[in-house]
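Reconstruct the complex from the two isolated chains, following the hints.
As a plain string of letters, each chain reads:
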Amino acid sequence: GENVEQHPSTLSVQEGDSAVIKCTYSDSASNYFPWYKQELGKGPQLIIDIRSNVGEKKDQRIAVTLNKTAKHFSLHITETQPEDSAVYFCAATVNTNAGKSTFGDGTTLTVKP
Amino acid sequence: SQTIHQWPATLVQPVGSPLSLECTVEGTSNPNLYWYRQAAGRGLQLLFYSVGIGQISSEVPQNLSASRPQDRQFILSSKKLLLSDSGFYLCAWNYQQNTEAFFGQGTRLTVV
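Which chain is which? The protein sequence lines are A and B, in order.
Its first residue numbered 1, the first sequence is counted upward by one per residue in my numbering.
Its first residue numbered 114, the second sequence is counted upward by one per residue in my numbering.
Pulled out of the complex, with its shape left as it was, chain B reads as follows (with noise of 0.2 Å):
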């Protein structure tokens, strides 16, 4: 069976520090890999995505980028943390047709 790993779970981080965010899939191949951010109270913002190794597509303008080095490994980085990054990060796959995407468990980062 299919499963998605997300970590850290939690994470504080002052502010201009940098960040890494790991999320691996396991039990398939070549999936859509995603990361999304939630406010507050708020949806889900997507951030990137991508569709193989090495593409990534950017949704919004940021401070953040991304990664795919390997087929099921998707990461978020900053180089330097501002206070409006803070929020909880969700990295999600699916597969290549129109499908439900499965989230991972979710990073709470506070910028402080």
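The following block holds chain A by itself, in its conformation from the complex (with noise of 0.2 Å):
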């Protein structure tokens, strides 16, 4: 089956600078690929997805990739700020398994004011 490893496992920097989480999965069949950020007692929401026949994909301040050769995919979060603190969860999706998805076990991001 599919599986999943996210680096760090926590990351503290201060507001202003850049983060960046890292993900692999194995399942070269995977093809969707979303973040989810989850604050402190609530359910993941998701943040930003990418699908495999795309190599980047932003919104404002959160980037993704994708690089389907290695098989790695990247979240990119420029000018952090503190509401930006929280847990963040890489997930890889193969279509063929009724669309459930593979979850990586999560990064804590703390940005200092």
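Rather than coming from a laboratory, the hints here were simulated on the basis of the structure.
Where a beta carbon is used, it is the ideal one built from N, C-alpha and C, also for glycine.
There could be a bad hint or two in this list.
[Stated by the list, open to error] What follows is a list of derived Cβ distance ranges for each label pair: (1) A:THR110 <-> B:ALA122: 41 to 49 Å; (2) A:ASN53 <-> B:ASP184: 30 to 38 Å; (3) A:THR69 <-> B:TRP120: 38 to 46 Å.
[What the hints assert, rightly or not] Here chain A is said to cover these stretches of chain B; the calculated rule only asks that three of the stretch's residues, wherever they fall, bring their Cβ under 8 Å from a Cβ of chain A: (4) 157 to 170; (5) 183 to 191.
So, in structure tokens, the structure goes:
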């Protein structure tokens, strides 16, 4: 089955700096890669996603890149703000598996003011 | 618009007691439904998923079971809770195709 590894497990940055979180996956049939943000005591929420026919996608301060050959994808947050502090999860999805995703173990991002 | 409801938000249960967590989705039909468990500081472990009424797939062997009695209702159950069942349980749904998952607010279960 699919295996997703996520690094780092914790990340601390100064407000205004950039943050990068990286994930690798094992199943070359994966074709949908969402990123979720989870605030304390709440369920995860999608912040950005990318499909396998695209190499990069950007939404304001957030961008995701995908390298299908190397089977890795990354989340980039620029100009970080304290409210970006949360746990971030990457996921990989194979379309044939009823749309279910395999999640990484999460990255706890702390943005220091 | 679509919404997902999950309750209760917190639950403290003694070892050996039964469990029933309920999740309902509004505003959509025939969704995929999921139950995840999240241990403290860890990622999301998929427990069960369902592509239709009465269709349940289990991802990991465990002390829990799931049922889908109606199209938009997903129930997580146990006959006898173990200490190791403690955790944060999340219900989620998505469309049949390859799309984002929408999560409920979660249930914090503590087995004492």
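Against the structure, the hints come out as follows:
{"no.": "1", "hint": "A:THR110 <-> B:ALA122: 41 to 49 Å", "in the structure": "25 Å, violated"}
{"no.": "2", "hint": "A:ASN53 <-> B:ASP184: 30 to 38 Å", "in the structure": "32 Å, holds"}
{"no.": "3", "hint": "A:THR69 <-> B:TRP120: 38 to 46 Å", "in the structure": "45 Å, holds"}
{"no.": "4", "hint": "157 to 170", "in the structure": "holds (count 5)"}
{"no.": "5", "hint": "183 to 191", "in the structure": "violated (count 0)"}
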